[in-house]
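Participant: What follows is the residue order along each chain.
There are 6 protein chains.
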Amino acid sequence: MEKDMEKVLQKAEVLIEALPYIQRFNRKIIVVKYGGSAMSNEELQKNVIKDVTLLKLVGFKPIIVHGGGKEISRWVGKVGKESTFVNGLRVTDGETMEIAEMVLNKVNKDLVSMVQELGVKAVGISGKDGGLLQVEKKYSDGQDIGFVGEITEVNPKVLYDLLEKDFLPIVAPVGLDSQFQTYNINADDAACAIARAVKAEKLAFLTDIEGIYKDFREKKGFISRISAAQAEELISGGYVGGGMLPKLNNCTAAVRNGVSRVHILDGRIPHCLLLEIFTKQGIGTAIVADEEAEQN
Amino acid sequence: MEKDMEKVLQKAEVLIEALPYIQRFNRKIIVVKYGGSAMSNEELQKNVIKDVTLLKLVGFKPIIVHGGGKEISRWVGKVGKESTFVNGLRVTDGETMEIAEMVLNKVNKDLVSMVQELGVKAVGISGKDGGLLQVEKKYSDGQDIGFVGEITEVNPKVLYDLLEKDFLPIVAPVGLDSQFQTYNINADDAACAIARAVKAEKLAFLTDIEGIYKDFREKKGFISRISAAQAEELISGGYVGGGMLPKLNNCTAAVRNGVSRVHILDGRIPHCLLLEIFTKQGIGTAIVADEEAEQN
Amino acid sequence: MEKDMEKVLQKAEVLIEALPYIQRFNRKIIVVKYGGSAMSNEELQKNVIKDVTLLKLVGFKPIIVHGGGKEISRWVGKVGKESTFVNGLRVTDGETMEIAEMVLNKVNKDLVSMVQELGVKAVGISGKDGGLLQVEKKYSDGQDIGFVGEITEVNPKVLYDLLEKDFLPIVAPVGLDSQFQTYNINADDAACAIARAVKAEKLAFLTDIEGIYKDFREKKGFISRISAAQAEELISGGYVGGGMLPKLNNCTAAVRNGVSRVHILDGRIPHCLLLEIFTKQGIGTAIVADEEAEQN
Amino acid sequence: MEKDMEKVLQKAEVLIEALPYIQRFNRKIIVVKYGGSAMSNEELQKNVIKDVTLLKLVGFKPIIVHGGGKEISRWVGKVGKESTFVNGLRVTDGETMEIAEMVLNKVNKDLVSMVQELGVKAVGISGKDGGLLQVEKKYSDGQDIGFVGEITEVNPKVLYDLLEKDFLPIVAPVGLDSQFQTYNINADDAACAIARAVKAEKLAFLTDIEGIYKDFREKKGFISRISAAQAEELISGGYVGGGMLPKLNNCTAAVRNGVSRVHILDGRIPHCLLLEIFTKQGIGTAIVADEEAEQN
Amino acid sequence: MEKDMEKVLQKAEVLIEALPYIQRFNRKIIVVKYGGSAMSNEELQKNVIKDVTLLKLVGFKPIIVHGGGKEISRWVGKVGKESTFVNGLRVTDGETMEIAEMVLNKVNKDLVSMVQELGVKAVGISGKDGGLLQVEKKYSDGQDIGFVGEITEVNPKVLYDLLEKDFLPIVAPVGLDSQFQTYNINADDAACAIARAVKAEKLAFLTDIEGIYKDFREKKGFISRISAAQAEELISGGYVGGGMLPKLNNCTAAVRNGVSRVHILDGRIPHCLLLEIFTKQGIGTAIVADEEAEQN
Amino acid sequence: MEKDMEKVLQKAEVLIEALPYIQRFNRKIIVVKYGGSAMSNEELQKNVIKDVTLLKLVGFKPIIVHGGGKEISRWVGKVGKESTFVNGLRVTDGETMEIAEMVLNKVNKDLVSMVQELGVKAVGISGKDGGLLQVEKKYSDGQDIGFVGEITEVNPKVLYDLLEKDFLPIVAPVGLDSQFQTYNINADDAACAIARAVKAEKLAFLTDIEGIYKDFREKKGFISRISAAQAEELISGGYVGGGMLPKLNNCTAAVRNGVSRVHILDGRIPHCLLLEIFTKQGIGTAIVADEEAEQN
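Here the protein sequences come in this chain order: A, B, C, D, E and F.
Under the UniProt record's numbering, the first residue of the first sequence is numbered 1, with each subsequent residue one higher.
Under the UniProt record's numbering, the first residue of the second sequence is numbered 1, with each subsequent residue one higher.
Under the UniProt record's numbering, the first residue of the third sequence is numbered 1, with each subsequent residue one higher.
Under the UniProt record's numbering, the first residue of the fourth sequence is numbered 1, with each subsequent residue one higher.
Under the UniProt record's numbering, the first residue of the fifth sequence is numbered 1, with each subsequent residue one higher.
Under the UniProt record's numbering, the first residue of the sixth sequence is numbered 1, with each subsequent residue one higher.
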């Protein structure tokens, strides 16, 4: 009985610990980039969706931007094609583009179902809807890699409308160029561009790493909090490589463009999003504005 | 010069002829079921989209509900499966459902692009978004045909929200059952259920036939206008068969449930939609309420 | 049958041709100055009203400003007075002012009836209502010509309120000075001042001429499109005379004060307004901003 | 000094006496029928306008309905016609109708000017605007008396819109029949029909009599307050005659149709309206609902 | 490290456990009666305020109704008076009423400060503000006990207005009778009357007992959940006595008048409110509608 | 009878005289500082409340800020304490602060009752509610005088919300510092700070003097109207002393910070507020902006 009461009181403490965070982010927009492992594992997937739904229910305005992950390669394989990559970017011919769009929209609607199942209203759109994402053709070191788009303009009206009507928007990273041709977009880029356009309070990347290390190769010197300027030093110092480089560039760009704070979270930890937002410890690495870094 | 002026005046007359129709349908909802030939031919496709866009611009509130047509079979074939049908309904196993949903969402976003290209804001959704279409498993003469759903409830809030925010909603006929399992839905059924739920002023089917004949087999006795009761007589008299039977049943059900008027149009005629709505002749067959039929 | 279908398809093309124009002027304000021949001929009058009503129905926000034309002289005559003019301006003593106001209000309400008959809600006001038009006494070359007013201020609130409530405002050119004395106003001046005050997208004059010629006297060198600067050159070159001079001055002033485009149309051509707005040819002369003239 | 202070305190008392009345009629609609002597005398006219303006400023929503009085006859005379009457109703041929409408609109705009001069926004309309008053031809004992209309329907939307936008609406009693033909309407009838349509709190007639007497001919037994039922008894008892009969019929009809209270005021007393509303004494005769009469 | 992560994950689970409750009570009104021990102990007081603030932040609409507790007696003593009670009700003469009102308002503003300190906007009112609580004199077994009021009418407009403007309303139980005389009100009665008037989703009493027992005297047979009917049986069976009797009567009355659920909580347990609402166990006794009791 | 009519007409004149003032202050905010004699005399108190209520009813937006006057000393005495003052400021230890707050809130609710009794909705708040008044500790010539606060920030949201919801706000001068400690505030300071924060049209002090004299000591040279600059000259010239000095400093500060006009009224004259606002004479002294003083 005593023990029960103790446990119960611990529960109360956790809820109370969340109080100031709920308060701070009330009605603020939080963009969540969702991809990687957190996407392939069914259990992790459920946790992510529960977390985002909770954010919605306690008064935040989350927006999910997702990738297609391994599903695209799987379906490209199904129709007997081979995936080729240049500098880590998928070479996207017409047929691959068709498949990529189909897969991304399928993932999109799967996420919609999962959110709806938890009793929250969601609408899944792509960058085509309401002209959300406008792109131009992207070249990789001058090489034509097909229908891979670079975002040139974000028209966030459709997102504001859906948020106003109390929907949770879920965005697939597909866009149109000025000729209304369809392009695939890197999901990190899309999340970052959207977060900047809506001046999000937070942009959170669910990744497959713990966060940023001073020395990435050796996994030494974990960094919990870093200013945009410091991140740029790390980059120019050559300490950041692989898929992390564009992501970190995105993060600093976001912070420099009105997003208050960017988080690189380990999507493999269940509820990493909730823990980052509602507890004192925090999880992963936060990239913050230079001024804020100085104040603390 | 004289000739030019005459031609110019004829133009004015056409515009003036449209005046009372624009007036009558101002701010009224019109559901357009779009499928069949009008979908496969690129030229016809452009015309349909132009027509619906014009309806939007002159003050109507159109909603497009579309099918996937031959594309689904094409993609099912691509992955090396064979399509099987029972009583004209596609047997939909898990993998087929995945492909069908992907194709429908792709068609959906293609239509969004085309509308956006004409300068009108569109948002493409499926019956999953905002819980629009709820279904239960459908059996064909008691036979299990897989994930084919029968609509049990329409929750039109997301449509009203999009219309209020001045978007043209485009709907793919996919829904969820109470266990949040995905189902394919017949597009005619979806269009009809939506038209009923939003009490549409008009429901227009773009089909591959001219309209209804008294004697379908012989294509004799074309009918321009028929009451719901008369349509039911035709059906019970055995004069209607093939794919037309469920469609006509849908039409009469719609008229009996608050939709003012249902049109069966020949989607192969360019701009059939505009001509039906804006000119005196009309095109195709109109199914009207019994009272209205009597009055005229 | 073939022929019928051809005719029907031509209709569709006319409607489709109107599409981009409907789009461009959606919710834009268009001020129509209505007077001259288009006013005296009953058939033309009906056409003008039909045109403006159509503009309203397809989403524009038209405002009609009208004159009193020959009716004022007719009623002045009826009470046994003679009309005298100085430099083309009616000398307006107290009794003439009373008659002019009565006639203008009568014309105003006649137009209201005609619009209402076409199913569109109209409200007829004069420059007195809501303090719309404030004037001061106007002199003609230093000569006292009675109660003829020059507009000193436009208070467009009543127009915005009526447009917001979905009425078509119809304005009679009568105003008050700072002593609340009634004055007659030239209808062209009133239309121009109102168009400027509400930053109208278009200001269209229905006149008794085809448009502007390089050489007015010889009716040589018809001009379809002219910049404000070019129009001013024409004027300073002495090529423009008669009633056209103040009108053209008004046009350039309007373009220089925020009205995007001014049209001088031949009100004797049926539906000249519709044809100008909804077809590629255009009709009459358009006065545009200098920058726009250069771009094209 | 003492005396001054006393006078000043009396002022305060008058204002305080008004307190409960201001409170009771806050945001209530009051229809004022304005005609007769109060209209011909310039001093009285100013007083009436001041009174109505004050009502507006302290939070009421007054609507003025006016007649044309002697002005119509004067202008009919000016064009050399003779006025003829049947049972007190002006025989209104086409030309007379034109003159009547012109005069009524002129009076209408004169009132607008006077209200505007006092710093309150007014809009003058007739029963044509926004389809306010719909009529059918009226016969006098079966005799054709021309374009004299009987109100068949009131569409008060334009009045509600103007009140919402904080204008004081001033209404000229002219309407349209179903063929959009113009008709003259008795101003008492118009005021009464409008008061009923907007469920006015009060309907006040400014007349040329002190109010109602038990014996009109002898001017004996002045009645300050009478129920609708008692008024009907007076009428059926033959005690009421002349122009008072239709007015009293109007009054009882108004009370029986949702107007809380009807006042017959002596328009020859300066500020009779204010005195009736803001002081304890009251002035003239009030016709009240039967229930209310019983309670007091 | 392992241990840390485990602890962190337990936190996540607590937050996730709260998810369905946050969802269920989103934008619902919860009335909290705050008094007794939870009020005298500073630590408990802080906890209660934290709890209510959290409810506000996660989207509920809490209203606090508080008593004055021992403070009133303390201040009565300070001025040298003695408190007398009849049947547990304080005999309230004029001076006592003055002191009681002053103390209640002081407690009220103290609570406002505490809520404001946590970053939530609060407004403290009494039943006088906006005419919230109207009372009549209450007699205790026919005995005059002074200015103790029984609620006759609740006018919840001021509460709705404050909630709409996002304030947390805090209510002191003082009201006015029809002569605008001030009366003291039992805080339980006030909470109950307010909960009924606003159709609260929940009404929670923070008390000094664990909840309801089948046998109160022996504290045997603790009841977690009881229907209104069962509660009434307990009462009529004589099992409920002391201060609990009127409280339980209040509870059943509330449930019978539109309040979905009433909770009797032990205010001595820290965060009892949070634990009741956000965890599966629940705490204290819930009184529910008879229908609901049957369903479960 | 003649006499009666004359009296009645005088009433009308008073009402008409108020017309332009009602017009000028329509929907303007007027802050009334209420204290001194006007507060202790029951008759005067009723008059003040009637006046403010009338202001509310005729369309103004009054806010009352009140002091506690002699009541605080009375209650301090009741509990056996002695009041001590330093430079006219009450030395406020913890217990005195408790009593002061209780008394101020009591006075606050008494005023609420009186306004409600007149049929106008009022809400009484203190500077704590909604964080209205933030203060810091005030020292008197370097001396610690306890919990006496100097206003550092006004957060007028709660006032705007109450005005929008049509309540008459009544404010007690109590505030919180950044540690959420309670402080007493001089009521004149509070009224002045609030008037500045809401950019009030008028700030009226009900005082115990006739107004300002050129020579206060001799009561010579009464000043009806003075500019801020002239008032500052009077002050620097040493002509103003006693309690008047801080008040006059407050007045000039208010005028220099957006309040159009400040009035020092003699609260001992019944209805001084009404007389000042609604009659030509005016009463007391008006402090106006320098520019305005020059214009007149």
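Treat the hints loosely; a few may be bogus.
Identical copies look the same in the list; a pair holds intra-copy or inter-copy alike.
What the hints assert, rightly or not - Calculated cross-link-like contacts (lysine-lysine; reagent style DSSO-like; alpha-carbon spacing at most 27 Å):
| no. | residue 1 | residue 2 |
| --- | --- | --- |
| 1 | K81 | K137 |
| 2 | K46 | K121 |
| 3 | K157 | K121 |
| 4 | K121 | K28 |
| 5 | K81 | K199 |
| 6 | K199 | K157 |
| 7 | K219 | K7 |
| 8 | K138 | K165 |
| 9 | K280 | K46 |
| 10 | K7 | K46 |
| 11 | K199 | K137 |
| 12 | K157 | K280 |
| 13 | K220 | K70 |
| 14 | K121 | K165 |
| 15 | K214 | K121 |
In case anyone wonders, no lab produced these hints; they're calculated from the structure.
None of the values given here were measured: they were computed from a predicted structure.
Participant: If a hint holds in the structure, say so; if it does not, say that too.
Facilitator: Hint check results:
When the C-alpha separation of K81 and K137 is checked against a cutoff of 27 Å, the pair qualifies only within one copy, where the shortest distance is 23 Å, while the shortest distance between copies is 35 Å. Only within a single protomer do K46 and K121 lie at most 27 Å apart by alpha-carbon distance; the minimum there is 16 Å, versus 33 Å between protomers. When the C-alpha separation of K157 and K121 is checked against a cutoff of 27 Å, the pair qualifies both within a copy, at 18 Å, and between copies, at 10 Å. Proximity of K121 to K28 under the C-alpha cut-off of 27 Å is found in both arrangements, the shortest distances being 18 Å within a copy and 18 Å between copies.
For the identical chains of this complex, K81 and K199 are neighbours neither inside a copy (40 Å) nor across copies (47 Å), given an alpha-carbon limit of 27 Å. Taking CA atoms no more than 27 Å apart as the test, K199 paired with K157 passes in both settings, with 13 Å inside one copy and 25 Å between copies. For the identical chains of this complex, K219 and K7 are inter-copy neighbours only, at 24 Å across copies versus 37 Å inside a copy, given an alpha-carbon limit of 27 Å. In this assembly of identical chains, K138 and K165 lie within 27 Å of each other by CA distance neither inside one copy nor across copies; the values are 35 Å within and 33 Å between.
Taking identical chains as interchangeable, the C-alpha atoms of K280 and K46 lie at most 27 Å apart whether they share a chain (24 Å) or sit on different chains (20 Å). In this assembly of identical chains, K7 and K46 lie within 27 Å of each other by CA distance both inside one copy and across copies; the values are 26 Å within and 20 Å between. In this assembly of identical chains, K199 and K137 lie within 27 Å of each other by CA distance solely inside one copy; the values are 25 Å within and 39 Å between copies. For a Cα distance limit of 27 Å, the shortest separation of K157 from K280 qualifies neither inside one copy, at 34 Å, nor across copies, at 32 Å.
In the homo-oligomer, the alpha carbons of K220 and K70 never lie at most 27 Å apart, since the shortest distance is 29 Å inside one protomer and 56 Å across protomers. In this assembly of identical chains, the alpha carbons of K121 and K165 lie at most 27 Å apart whether taken from the same copy (10 Å) or from different copies (17 Å). In this assembly of identical chains, K214 and K121 lie within 27 Å of each other by CA distance neither inside one copy nor across copies; the values are 41 Å within and 43 Å between.
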